[in-house]
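Visitor: Listed below, chain by chain, are the residues.
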Amino acid sequence: MPIPPDELLEITLRTLFVSGVATLLGSLIGIPLGTFLALTRFKGRRLAKTALYTFYGFPPVVAGLIIFFILSGKGPLGQLDLLFSVTAMIMAELILVIPLVAGITLSSVAEVDRSVLDTARALGASVRQVRATALREARSGVMTGVMVAFGGAVSEVGAAMLVGGNIQYQTRVLTTAIVTETRMGNFDYAGALGGILLLITFGIYYVLGYFQERGPR
Amino acid sequence: MTPLLELENVTRRYGEVDALRDASLTVGRGEIWGLLGPSGAGKTTLLRVAGLLETPTAGRVVFDGQPAMADRKESLALRRRMAMILQKPVVFRGSVMRNATYGLRVRGYPEHQARGLVSPILDTVGLTEMADRPAHTLSGGEVQRLAFARATVLKPELLLLDEFTANLDPANIALLEKGVRQYRDGGGTVMMVTHNLAQGKRLADRVCLLIGGKLVEAGPSHKFFEGPETTQAKEFLNGTMVW
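Top line first, the protein sequences correspond to chains A and B.
Okay, so the first sequence: first residue is -14 according to this note's numbering, each after it adds one.
Okay, so the second sequence: first residue is 53 according to this note's numbering, each after it adds one.
These are calculated hints, taken from the structure and not from any lab test.
Where hints are given, some of them may not hold.
Okay, the calculated bits of chain A under chain B, using three or more residues with CB under 8 Å as the criterion [to be verified]:
{"id": "1", "segment": "90 to 103"}
{"id": "2", "segment": "106 to 119"}
Straight-line C-alpha distance at most 30 Å; calculated BS3-like pairs for lysine-lysine [what the hints assert, rightly or not]:
{"id": "3", "chain 1": "A", "residue 1": "K34", "chain 2": "B", "residue 2": "K207"}
{"id": "4", "chain 1": "B", "residue 1": "K275", "chain 2": "B", "residue 2": "K230"}
{"id": "5", "chain 1": "B", "residue 1": "K253", "chain 2": "B", "residue 2": "K125"}
{"id": "6", "chain 1": "B", "residue 1": "K140", "chain 2": "B", "residue 2": "K207"}
{"id": "7", "chain 1": "A", "residue 1": "K28", "chain 2": "B", "residue 2": "K125"}
{"id": "8", "chain 1": "B", "residue 1": "K253", "chain 2": "B", "residue 2": "K207"}
Just so you have them, the derived chain A footprint on chain B, three or more residues with Cβ under 8 Å [said to hold, decoys possible]:
{"id": "9", "segment": "53 to 60"}
{"id": "10", "segment": "140 to 147"}
{"id": "11", "segment": "153 to 161"}
Built from N, CA and C at the ideal position, the CB exists for glycine as well.
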């Protein structure tokens, strides 16, 4: 029995919401973090960079497990009763998104020619303004980081299943719906859901790509 | 009157190499200083230390009577009283106008006011027609003119120029040198690195010669070019210095 259209719409919107919010929050944290690591010299910087890159390959299911423990009854945030909610799913995806955005931002900002930063300082820019200038110069790379992060978030299934629980009308998203339909033997329908997911991803990338190219040259 | 800039026994070391050793220099207001010397002599390092882009390994920089260090937060206010054009000027993303207004915008000028201040200077350096063009499409000479406009619009008390006419044709050199004289006539002070001895002779009131990171001679330009005191300066000027 295929998913009714209204439920399909709801699943699709929830998918966009969870991955969109995770990408947005991840970018708000990851972009400044990556910029800081790219431009600031401090003891332990190399270690911090290596740790960040290590998190590139962080298994989603482990991210889900961490959030599961934190939000479970005996966990530190167990009282908030957030397990098997959209918030829990966003939290798990955030763990995956932040390293991607921060790491790609770090690489892109570090690539900015040092003379660009010197020119900014020589014209009176403060440390914060130099960072903003570097970020602006690296904006194509930073946008790539955001796009990769969104791709990771929208296609994620392990963590979403673990902390979301794939509950109908509550936490089901396209990826978990695909798994459910496949298990039920509805392969055609699962394939159709996969097509919708691809289409959404294409649309989002198209818009982000537009902003990436549209920026000042 | 307090000198505008004093370098007191400044040393700048990179790893094991002393790019600048124990250099002392006093720059008075309204002077044009020419920093001369062979490649690798420490001219750019001296300029960067003076412009508070580098912190001396030893010694100190005093600007308008106030000790200044590049890595101190409070030095930003002093750095905003200077402007520097790097040896190979670069442009930021965005239009020529956006580049030209950069220094004003970081000082908090609203966009429209910054544009108004920049327009006459862009006209002076012949870039008015290109104001809305992406800056990365400019030729090398146009970038150098843009860099000059971008720095001088700030009306800095100290203008630091590193080979600011390198690779320019004679007409553009004349244009920018005229700009430097006008800037000085308006009360500004200039320190310029140049490999072009003729330019040093034309523009500088005072010169200093750096060799191997050491400041070997400093004084009035005419005296330096007509009767240098040290053997090294004589050899440098007549081209017999061996490196």
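Visitor: When you check the alpha-carbon spacing of A/K34 and B/K207, does it fall within 30 Å?
Guide: It is violated: about 41 Å lies between the C-alpha atoms, which goes past 30 Å.
Visitor: Is it true that the CA of B/K253 sits at most 30 Å from the CA of B/K125?
Guide: violated, 37 Å
Visitor: Counting residues of the segment 153 to 161 of chain B with a beta carbon closer than 8 Å to any beta carbon of chain A, are there 3 or more?
Guide: Held - the segment 153 to 161 of chain B has 4 residues with a Cβ nearer than 8 Å to chain A, which meets the minimum of three.
Visitor: Can you confirm whether chain A covers the segment 53 to 60 of chain B, using C-beta to C-beta distances below 8 Å and requiring at least three such residues?
Guide: violated (count 0)
Visitor: Run the distance test for B/K140 versus B/K207: straight-line Cα separation, threshold 30 Å.
Guide: holds, 21 Å
Visitor: Does the structure keep A/K28 and B/K125 at a Cα separation of 30 Å or less?
Guide: With a Cα-Cα distance of about 20 Å, the restraint between A/K28 and B/K125 holds, given a limit of 30 Å.
Visitor: Verify the proposed pairing of B/K253 with B/K207, using a straight-line Cα cut of 30 Å.
Guide: holds, 24 Å
Visitor: How about the segment 106 to 119 of chain A: do at least three of its residues have a C-beta closer than 8 Å to a C-beta of chain B?
Guide: holds (count 9)
Visitor: Taking a Cβ-to-Cβ distance below 8 Å as contact, does the segment 90 to 103 of chain A have at least three residues touching chain B?
Guide: This one holds; 4 residues, not fewer than the three required, reach chain B with a Cβ under 8 Å.
Visitor: Examine the segment 140 to 147 of chain B for residues whose CB is less than 8 Å from any CB of chain A, and state whether their number is three or more.
Guide: The restraint on the segment 140 to 147 of chain B holds, since 7 of its residues have a Cβ under 8 Å from chain A and three suffice.
Visitor: Between B/K275 and B/K230, does the CA-CA distance stay at or below 30 Å?
Guide: holds, 23 Å
Hint check: violations occur at hints 3, 5 and 9; the rest are consistent with the structure.
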